[in-house]
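**Q** Listed here are the chains, written in short residue letters.
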Amino acid sequence: EPEVTQTPSHQVTQMGQEVILRCVPISNHLYFYWYRQILGQKVEFLVSFYNNEISEKSEIFDDQFSVERPDGSNFTLKIRSTKLEDSAMYFCASSELLGQLYGYTFGSGTRLTVV
Amino acid sequence: SQKIEQNSEALNIQEGKTATLTCNYTNYSPAYLQWYRQDPGRGPVFLLLIRENEKEKRKERLKVTFDTTLKQSLFHITASQPADSATYLCAAKYTGRRALTFGSGTRLQVQP
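These protein sequence lines are chains A and B, in that order.
Residue numbers for the first sequence follow this note's numbering, so the first one is 7 and each next one is one higher.
Residue numbers for the second sequence follow this note's numbering, so the first one is -2 and each next one is one higher.
There's no promise every hint is true.
[Stated by the list, open to error] Cross-link-like lysine-lysine pairs, in silico, DSBU-like; alpha carbons within 35 Å at most:
#	chain 1	residue 1	chain 2	residue 2
1	B	K52	B	K68
2	B	K0	A	K84
3	B	K0	A	K63
4	A	K63	B	K14
5	B	K54	A	K63
6	B	K14	A	K48
7	B	K56	A	K89
8	A	K63	B	K56
Since the hints were derived computationally from the structure, they do not count as laboratory data.
All chains, please: the whole structure from these sequences, using the hints.
**A** In structure tokens, the structure reads:
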């Protein structure tokens, strides 16, 4: 079964440092997303990406965040200057359409710890 | 803003019984609701989707309903097994938006 792959699985970083979280979506999917989940809280939407541009972003996705699809397979989330409150699980997801047939396929996540 | 509420934080049932999980939404109806399973430290796994104009969907031991009058979706697992123990998330997709709005989840524990 096709999977969304995320690396690294764990990342510890110092406050103020830049981090890049990487994802390889399912190859025939067209829509890509980043979500995050702070420990014990809801899964929250960050950003969606389609046709090489951001199609929607949440209030959380401020100027410190950026996304990129540098080649045909990778999809990255960059946090420019990490804060303590950025500590969370970050999930990448992809879908063929807008998820209205087969839902979204999520990766296993990157656990980001900012110290 | 739209809110998705899953009223039960946790649900404990005996093996073989039917688990029923509730998802309520506020204001206007989502175009569709999705149900996901999440195991500790893992990403959500898609289970079922139901559209606003559908009353019920089934897949194997799973059933989901959508009641726009009550603003509620029910998710049923029949003949539950200990392997069904996990957190179940309800997520809404609204017309014109890309984002999924998730509920806080219900942790299901099936006792052998």
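**Q** For each hint, tell me whether it holds in the structure or not.
**A** Results of checking the hints against the structure:
1. Between K52 of chain B and K68 of chain B, the direct Cα distance comes to roughly 12 Å. Compliance with the 35 Å bound is thereby established for this hinted pair.
2. At roughly 28 Å between alpha-carbon atoms, K0 of chain B and K84 of chain A fall within 35 Å of each other, so this suggested pair holds.
3. A threshold of 35 Å between alpha carbons decides the hint, and for K0 of chain B with K63 of chain A the separation of about 17 Å falls inside it, so the pair holds.
4. Pair hint K63 of chain A plus K14 of chain B does not hold up; C-alpha atoms about 41 Å apart against a cutoff of 35 Å.
5. Taken as a hint, the K54 of chain B and K63 of chain A pair is honoured in the structure, with Cα atoms around 31 Å apart against an allowance of 35 Å.
6. For the given pair, K14 of chain B sits about 27 Å from K48 of chain A by alpha-carbon distance, which is consistent with the 35 Å threshold.
7. Simply put, K56 of chain B and K89 of chain A have alpha-carbon atoms about 43 Å apart, too far for the 35 Å limit, and the pair is violated.
8. Only pairs whose Cα atoms come within 35 Å are accepted, and K63 of chain A paired with K56 of chain B is accepted, the gap being roughly 32 Å.
Against the hints set out earlier in the document, violations occur for numbers 4, 7.
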